[in-house]
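Top line first, the protein sequences correspond to chains A and B.
Reminder that position 122 of the first sequence reads as 583 in the numbering used here, one-by-one numbering, no gaps.
Reminder that position 348 of the second sequence reads as 439 in the numbering used here, one-by-one numbering, no gaps.
If you are wondering where the hints come from, they were derived from the structure by calculation, not from laboratory data.
Ideal Cβ placement from N, Cα and C applies to all residues, glycine included.
Take the hints with a grain of salt, since some may be wrong.
The calculated label-pair distances, taken between Cβ atoms and stated as ranges, are [claimed, not checked]:
{"#": "1", "chain 1": "A", "residue 1": "K623", "chain 2": "B", "residue 2": "V158", "range": "55 to 61 Å"}
{"#": "2", "chain 1": "B", "residue 1": "E96", "chain 2": "A", "residue 2": "E612", "range": "20 to 26 Å"}
{"#": "3", "chain 1": "A", "residue 1": "H563", "chain 2": "B", "residue 2": "I162", "range": "45 to 51 Å"}
What the simulated footprint calls covered on chain A by chain B, stretch by stretch (three residues with Cβ under 8 Å from a Cβ of chain B suffice, anywhere in the stretch; the number is not a length) [said to hold, decoys possible]:
{"#": "4", "segment": "505-513"}
{"#": "5", "segment": "580-589"}
{"#": "6", "segment": "630-643"}
With the C-beta cut set under 7 Å, the calculated list includes, among others, these residues of chain A facing chain B [said to hold, decoys possible]:
{"#": "7", "residue": "A534"}
{"#": "8", "residue": "I547"}
{"#": "9", "residue": "T549"}
{"#": "10", "residue": "S646"}
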Amino acid sequence: MKLNSPFVITISRQLGSGGAYIGQKLAKNLNIFYADREIISQAAKQFSLLEEDLESRDEKISSFWQSFLQSYAFTNPVAYEPPQIIPTDSALFKAEKEIIEHIAKERSSIIIGRCGSYILQEYPNHISIFLHGDVTFRKGRVRKIYNVSEEAARKMIAQSDKERALYYQTFADKEWPDARQYDISLDTSKIGLDKSVELIMKYLE
Amino acid sequence: MKKIEYKWIALSCTSLGALFSVLSGSTLIIALPVIMKDLHATMNIIMWTVMIYMLILTILVPSIGRVADMIGRKKLFIWGFIVFTIGSVLCGLSTSGWQLLLFRFVQSVGGALLVANSTPIVTDAFPKKELGMALGINGMVISVASVIGPILGGAFIHMGWRYIFFINIPIGLIGTIWAGIQLKELEVLPEKQKFDWSGAITFTSGMTSLLLALTFGAFYGWTKIYVAILFVAALLFLVLFLFVENKVRQPMLDLNLFKTRILAFAFSSNLLNGIARGAVVFLLVFYFQGIKSIDPVMSGILLAPFALSMMIMAPISGWLSDRYGSRELSSIGLFISAIGLLGMVRISASTSVFELSAWMFISGLGSGMFFSPNTSAIMGAVPVERRGIAAGVRTMMNNTGNVISIALSMAIISSSIDFKAMQGLFSGTQVGSEGIVVNHFISGLKMAFTISFFISMLAAFISYLRGPQPKWEKKTVSQSNGLSKR
Numbered sequence: 462m463k464l465n466s467p468f469v470i471t472i473s474r475q476l477g478s479g480g481a482y483i484g485q486k487l488a489k490n491l492n493i494f495y496a497d498r499e500i501i502s503q504a505a506k507q508f509s510l511l512e513e514d515l516e517s518r519d520e521k522i523s524s525f526w527q528s529f530l531q532s533y534a535f536t537n538p539v540a541y542e543p544p545q546i547i548p549t550d551s552a553l554f555k556a557e558k559e560i561i562e563h564i565a566k567e568r569s570s571i572i573i574g575r576c577g578s579y580i581l582q583e584y585p586n587h588i589s590i591f592l593h594g595d596v597t598f599r600k601g602r603v604r605k606i607y608n609v610s611e612e613a614a615r616k617m618i619a620q621s622d623k624e625r626a627l628y629y630q631t632f633a634d635k636e637w638p639d640a641r642q643y644d645i646s647l648d649t650s651k652i653g654l655d656k657s658v659e660l661i662m663k664y665l666e
Numbered sequence: 092m093k094k095i096e097y098k099w100i101a102l103s104c105t106s107l108g109a110l111f112s113v114l115s116g117s118t119l120i121i122a123l124p125v126i127m128k129d130l131h132a133t134m135n136i137i138m139w140t141v142m143i144y145m146l147i148l149t150i151l152v153p154s155i156g157r158v159a160d161m162i163g164r165k166k167l168f169i170w171g172f173i174v175f176t177i178g179s180v181l182c183g184l185s186t187s188g189w190q191l192l193l194f195r196f197v198q199s200v201g202g203a204l205l206v207a208n209s210t211p212i213v214t215d216a217f218p219k220k221e222l223g224m225a226l227g228i229n230g231m232v233i234s235v236a237s238v239i240g241p242i243l244g245g246a247f248i249h250m251g252w253r254y255i256f257f258i259n260i261p262i263g264l265i266g267t268i269w270a271g272i273q274l275k276e277l278e279v280l281p282e283k284q285k286f287d288w289s290g291a292i293t294f295t296s297g298m299t300s301l302l303l304a305l306t307f308g309a310f311y312g313w314t315k316i317y318v319a320i321l322f323v324a325a326l327l328f329l330v331l332f333l334f335v336e337n338k339v340r341q342p343m344l345d346l347n348l349f350k351t352r353i354l355a356f357a358f359s360s361n362l363l364n365g366i367a368r369g370a371v372v373f374l375l376v377f378y379f380q381g382i383k384s385i386d387p388v389m390s391g392i393l394l395a396p397f398a399l400s401m402m403i404m405a406p407i408s409g410w411l412s413d414r415y416g417s418r419e420l421s422s423i424g425l426f427i428s429a430i431g432l433l434g435m436v437r438i439s440a441s442t443s444v445f446e447l448s449a450w451m452f453i454s455g456l457g458s459g460m461f462f463s464p465n466t467s468a469i470m471g472a473v474p475v476e477r478r479g480i481a482a483g484v485r486t487m488m489n490n491t492g493n494v495i496s497i498a499l500s501m502a503i504i505s506s507s508i509d510f511k512a513m514q515g516l517f518s519g520t521q522v523g524s525e526g527i528v529v530n531h532f533i534s535g536l537k538m539a540f541t542i543s544f545f546i547s548m549l550a551a552f553i554s555y556l557r558g559p560q561p562k563w564e565k566k567t568v569s570q571s572n573g574l575s576k577r
């Protein structure tokens with residue numbers, strides 16, 4: 462792949478595997494745009510919401526009962542409805558998809574998560590990367606980053622893996638950790654974060 | 092941990108308040124013919140007992156939100172329960188139509204306090220990620236109350252129509268005590284809010300004049316001088332209202348919202364939809380009990396499809412709007428609602444009640460398809476800080492439409508039937524040729540539904556004129572700051 466034409470790198474990652482760290486390093490080395498929180502920030506603007514309103518729903522699927530009950534939030538014509546927009550999961554995904562597609566068209570960039578690898582699968586000059594690691598390694602990173610206990614880190618990892626897998630399954634209709642759909646799949650717990658950055662840079666060259 | 096428990100308590104208080112407020116309206120409507128007979132009240136007084144509640148909510152609720160930050164939402168919410176309960180007791184003890192009207196006014200003030208404060212209390216109590224579900228539960232409670240209300244009302248009538256109001260006493264007492272003990276006061280916003288007195292006065296004067304003009308014209312004759320004066324007064328006050336709202340810093344109705352095309356057309360279709368369907372249940376109550384001589388419980392059951400279909404449509408509409416956008420869905424919804432109204436034009440003294448229920452169901456499906464996407468479109472077209480105002484305008488348009496609908500429908504019907512004859516038809520003291528009176532009433536009903544059909548079609552057209560939802564502006568995305576931890 463030639464680096465002198467616009468390109469996009471999507472990074473799908475397990476919690477604690479170093480997705481953000483590696484993504485930011487790559488962006489710095491390649492001098493390209495890094496898109497992570499910016500995606501949710503732009504989605505929030507699109508819905509006239511605050512970023513914090515959407516953070517808790519990022520890359521997550523509402524349960525059936527949550528979605529079902531939420532559909533009644535705006536139905537009553539005579540009651541005074543809340544000044545809230547509560548986008549459905551589909552509406553939120555659609556908004557983020559548009560944002561990701563726009564970023565990819567506008568400039569070379571690194572896009573973190575949000576089914577980016579699926580959304581841009583037909584995009585020319587696209588490289589998809591999946592980062593994973595063993596639980597021990599990831600727990601250690603999560604404990605350090607979030608300053609939580611080992612048990613809390615374990616629960617965070619289990620929940621995140623479940624939520625991201627469900628999110629990906631819902632919108633991409635594929636198994637999230639299936640390496641066959643990515644150009645590169647790296648076990649960062651074995652290779653190390655900086656070495657992973659080196660390997661990806663070599664591949665890009 | 093305490094907050095996790097508190098949120099459900101807060102929701103129980105607000106849901107009880109919402110249930111209380113909506114049930115009182117939906118149980119009352121089924122009892123109107125019985126109340127009219129028992130209190131020897133005139134048709135226009137009975138109409139006003141329904142209209143005044145909606146009118147007061149329309150006027151007070153947008154403004155209560157503004158002043159609540161100064162006084163405290165919890166206090167106002169509890170006062171809502173107290174005032175509503177007192178109003179209910181007084182309504183139950185009424186010995187004349189005028190007394191009932193006056194005490195319904197009291198009840199409506201309580202209802203406005205409950206309605207205006209319930210959603211901010213829920214919004215404060217729940218974390219963001221659960222807010223949709225919590226508001227949905229509140230909304231579902233209201234939907235269920237709309238469905239079961241007429242049926243419950245019919246059941247209470249067997250004990251006596253006054254029990255429709257007396258049942259509110261234990262609910263009101265429990266609500267007052269429960270909210271008093273459990274609710275927490277919300278944080279007061281730093282910005283001072285003001286009650287829009289001039290807007291409220293001009294709007295109240297204008298709307299009251301208009302509704303009185305329609306009512307008096309319908310029942311006493313359109314050529315009366317005081318009817319003409321009332322129409323002129325209505326026009327003047329409403330024009331003055333628009334002028335005032337343009338000048339006031341914190342208006343009840345922010346006219347700047349209408350400068351955006353999508354909002355102007357969305358609000359207009361709300362108003363027209365309210366006018367088209369606001370009187371349907373009211374008219375059918377008199378048709379079922381007056382013409383068909385159906386008992387109140389059965390009448391309540393036959394009216395349930397209208398609210399039930401809206402309830403069924405809610406989750407489906409949400410699913411559809413993700414795929415097809417608000418413009419098409421809202422417009423198709425209004426079209427379907429119009430079809431239901433067109434079906435009701437077939438009404439006659441011998442029409443099967445199940446056929447009417449089916450048309451009601453269709454009309455309700457259409458309305459259910461319209462509301463959610465239309466509301467989403469409105470909310471999506473305004474910045475964060477103006478959403479509260481936009482939400483208030485949306486409901487104000489709908490409620491105003493509903494009130495006008497009742498007055499307009501009765502004005503249309505009364506053009507086909509003599510006032511005294513209509514009064515006699517529903518008070519059970521028919522004189523002269525009963526067949527002719529019934530036919531005249533049916534003729535008026537057909538005309539009212541026909542006009543409702545055309546208004547609904549106009550609403551569908553105007554809804555479509557809103558144009559596509561504005562696309563997210565594709566501006567250059569700047570380099571993000573700060574490191575992500577993950």
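Outcome of the hint check:
Our hint of 55 to 61 Å for K623 (chain A) and V158 (chain B) is violated, since their Cβ atoms are close to 46 Å apart. Checked against the hint of 20 to 26 Å, the C-beta distance between E96 (chain B) and E612 (chain A) comes to roughly 23 Å, which is consistent with it. In this structure, H563 (chain A) and I162 (chain B) meet the distance hint of 45 to 51 Å, their C-beta atoms being roughly 46 Å apart. Judged by the Cβ-Cβ criterion of 8 Å, the segment 505-513 of chain A is covered by chain B as claimed, because 7 of its residues qualify and three suffice.
Interface restraint, the segment 580-589 of chain A with chain B: violated (0 residues with C-beta to C-beta distance below 8 Å; minimum three). Counting residues of the segment 630-643 of chain A whose beta-carbon sits less than 8 Å from any beta-carbon of chain B gives 0, not enough to reach three: the coverage restraint is violated. Below 7 Å, beta-carbon pairs count as interface contacts, and A534 (chain A) has one with chain B at about 4 Å; its hint therefore holds. Nearest Cβ of chain B to the Cβ of I547 (chain A): about 4 Å, under the 7 Å cut. The hint holds.
Taking 7 Å as the C-beta cut-off, the interface hint given for T549 (chain A) holds, the closest approach to chain B being about 5 Å. With a least beta-carbon distance of about 18 Å to chain B, the hint placing S646 (chain A) at the interface is violated under the 7 Å criterion.
Comparing the model with each earlier hint shows violations of hints 1, 5, 6 and 10; every other hint is respected.
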